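Q: Fit chain Y with the ligands to the supplied structure of chain C, relying on the hints for placement.
Protein sequence lines correspond, in order, to chains C and Y.
Position 210 of the first sequence, counting from 1, maps to 210 under my numbering, and the rest follow consecutively.
Position 54 of the second sequence, counting from 1, maps to 54 under my numbering, and the rest follow consecutively.
What the hints contain is simulated information worked out from the structure, not anything from laboratory work.
A portion of the hints provided could be inaccurate.
Using C-beta positions, here's what the derived DEER-type ranges look like [as the list claims (entries may be wrong)]:
hint	chain 1	residue 1	chain 2	residue 2	range
1	C	G214	Y	T199	41 to 47 Å
2	Y	D196	C	I63	51 to 57 Å
3	Y	A179	C	Q159	28 to 34 Å
Predicted, not measured: the structure shown is a model, and the values here were computed from it.
Note that the Cβ used here is the ideal one computed from N, Cα and C, for glycine as well.
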Amino acid sequence: MKEERFSVGGSPLHRGSVKLKLCGGLLFIPAFAITPSYREALIFLFISLLLTAIARLPLKHVINRLVLANFFSLFLFITLPLTYGGDPFLIWGVPVSKAGFLLGGLIVIKTNGILLALIALLGTSTVSSLGHGLNALGVSDRLTALLLFSYRYIFVIEQEFKRLQRAAKIRGFSPGTNVHTYRTFGYLIGMTMVKSWDQSQRIHDAMVLRGYDGQFFPLTNPSNRSPFDLILFLGLVLASIILTFLGYLG
Amino acid sequence: MSTLLNLDNVCFSYPHCQPILNNCNFSIGDQRIGLIGSNGSGKTTLLKILVGLLKPQQGRLFHQGSEVTSERDYRKLRKNLGFLFQNSNDQLFSPTVIEDIAFGPLNMGLTQDQARERSLQILKKLDILSLQDQITHRLSGGEKKLVALATVLVMNPRLLLLDEPTNNLDPETREKLTAILRDLEIARIIISHDWDFLTETTDELYSIEHGHLHQCKDGHVHVHQHVHEHGDKPHHHS
Ligand SMILES: Nc1ncnc2c1ncn2[C@@H]1O[C@H](COP(=O)(O)OP(=O)(O)OP(=O)(O)O)[C@@H](O)[C@H]1O
Ligand SMILES: [Mg+2]
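Isolated chain Y (complex conformation):
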């Protein structure tokens, strides 16, 4: 397994706040990782550091073995990553769906025809071809989420970073998203509080606590539907 991203002793804190990451070490190649942690523990911050929206104050970030320092390194790194925001309104900024999806491919230098072709392919793959000419701000929350996923997938990323993708989705859309992610063969880090969803779409579980990342041992923890003292918390059975 080759490592795609590597955090080496990274520290990060927002101005005038407690440190969010404290000598954090982490690496990912082609795993499918679920990331949990309480509200405000720094999950979103971690993803932002991985894509270079925030820069570590200490420690280093490696991309395919070489340290990421210049803006050019970051640009190369971002080509390999697909970041799905918590709020789709931040991600869909073009007037129509097809324009929004074609935005990335056009930036990568594809021609108009190629970009349109590729965007349509991805819409078809996600089974939302009928949305192509819709006005983005009129879509429902679930439709927005799927379109946002399409804008990310159309860039052919090697690693997906998804920030609470099932928030505010109805069961049907959630099922659809689960099925899509289950069948995709792309490495991923998924932040979620939705245990069933994580079980289906990831293989390993990490939790973030007091500025450190821990891998939860023994593969995937699980929750039970039945009433149980720890039914709503991750736990292991002996």
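Isolated chain C, as found in the complex:
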């Protein structure tokens, strides 16, 4: 399971205010996603690259992430020109749709750009501070608690499953395509679910013992907003608005 690999670092984006990063990102990413033209998409991509550079993220890991996402967009990039309508031209005797080709390219640019922006803006905060950021922006206490709990226990549940899987392996279990395998995996998954349920009961007990009665009061971080945060936020807002207008009008 992926841990919060990008959340440690000393860049201004790591230290920045989560609330402003979230707000900026919530505007920037949809604006990037809906832009219809190449010119604006390339400028958006440039801004994303700039953000990645500011965040000083480990290049190797960023590229790993991008490669993963590009398997999907590569598939679109290959199939779209072959299936999209419009006037075709020939490559090695195969009719290829020009509109499909252009659309595929735009999708590749947007996928990578948006992913970079996501990593640079949101990946640089821990899930816990993102949760509190969302809470501060008006997401309900209940949803915030749900997000934080899911994040906290997904690792425990994964460990639990792996432990059971290891136990099965030690006793000579090797998966194949047969009923025994399906039944064993059924047991493993069922057992993991039962244990998670039990654990959730015990966690609830622990919370009740410490005075929980249905209302959740998270400890919030004292916010420390720097001029950089404001500049970043305003920059993202302005860029999003201007580029969206240019994309649709220009």
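A: Same frame as chain C, but now just chain Y with the ligands:
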């Protein structure tokens, strides 16, 4: 000595099972009690009844002299008790250490600043201040145990209920926990199979057998390091 908790003829059994507690009588004020018993004898169950996570099917539970019946009574009772679970993963549910420790104080109505202040104090007291911003699920087992203890101590309980606290601890962390508990002036019931640990952190010893609690007489029993017929069992010398 005033009695904090009192069990009066309590019976308890899980559905379709043998009774775990059978007309059990017990009271504790400010003693430091060690609790022993074989696996499955009902030690954890007893603690859960004392904090009201399980309700006795027969008999009564008293808190400071008055019977505990309503949920409000239980809430008042729980404010005085600090229960350390066998498995720390059940106890640490917040993303970061400081948030987890502040959870209780915030529920008690403290402000953000007061809760943070108090949490930091307790971390300092347990000498784990450096863990404050760590992600809870990445802590080692020993660190988790100490942080879990901090989440309990920050509530200023009058009685600690500790369920096998030294399980899976390395000698160093075990030493640290021993020293902390030895120096704390809080009444306690400690479940443990670790004799040396119990000798250092408690004064009286109770054992649970066939649904009854007995006090082992003559203060603390002890074990020997040398080979001995009863070396791994509690015994008295004449
Ligand atoms: N939720 C439950 N439902 C049914 N039976 C249970 C439940 N919890 C515990 N038991 C049974 O009750 C008995 C006492 O359990 P308990 O956990 O109190 O024992 P214990 O003395 O703490 O044992 P250990 O030393 O192993 O921790 C055991 O036989 C156990 O199987
Ligand atoms: Mg137990």
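Q: With respect to the beta-carbon atoms only, verify the hint that G214 (chain C) and T199 (chain Y) lie 41 to 47 Å apart.
A: The hint (41 to 47 Å, Cβ to Cβ) holds, given that G214 (chain C) and T199 (chain Y) are roughly 42 Å apart.
Q: Check the following: the C-beta atoms of D196 (chain Y) and I63 (chain C) are separated by a distance inside 51 to 57 Å.
A: holds, 54 Å
Q: Kindly confirm whether 28 to 34 Å is satisfied by the beta carbon distance between A179 (chain Y) and Q159 (chain C).
A: Given range 28 to 34 Å: holds, Cβ gap about 31 Å.
Hint check: no violations occur; every hint is consistent with the structure.
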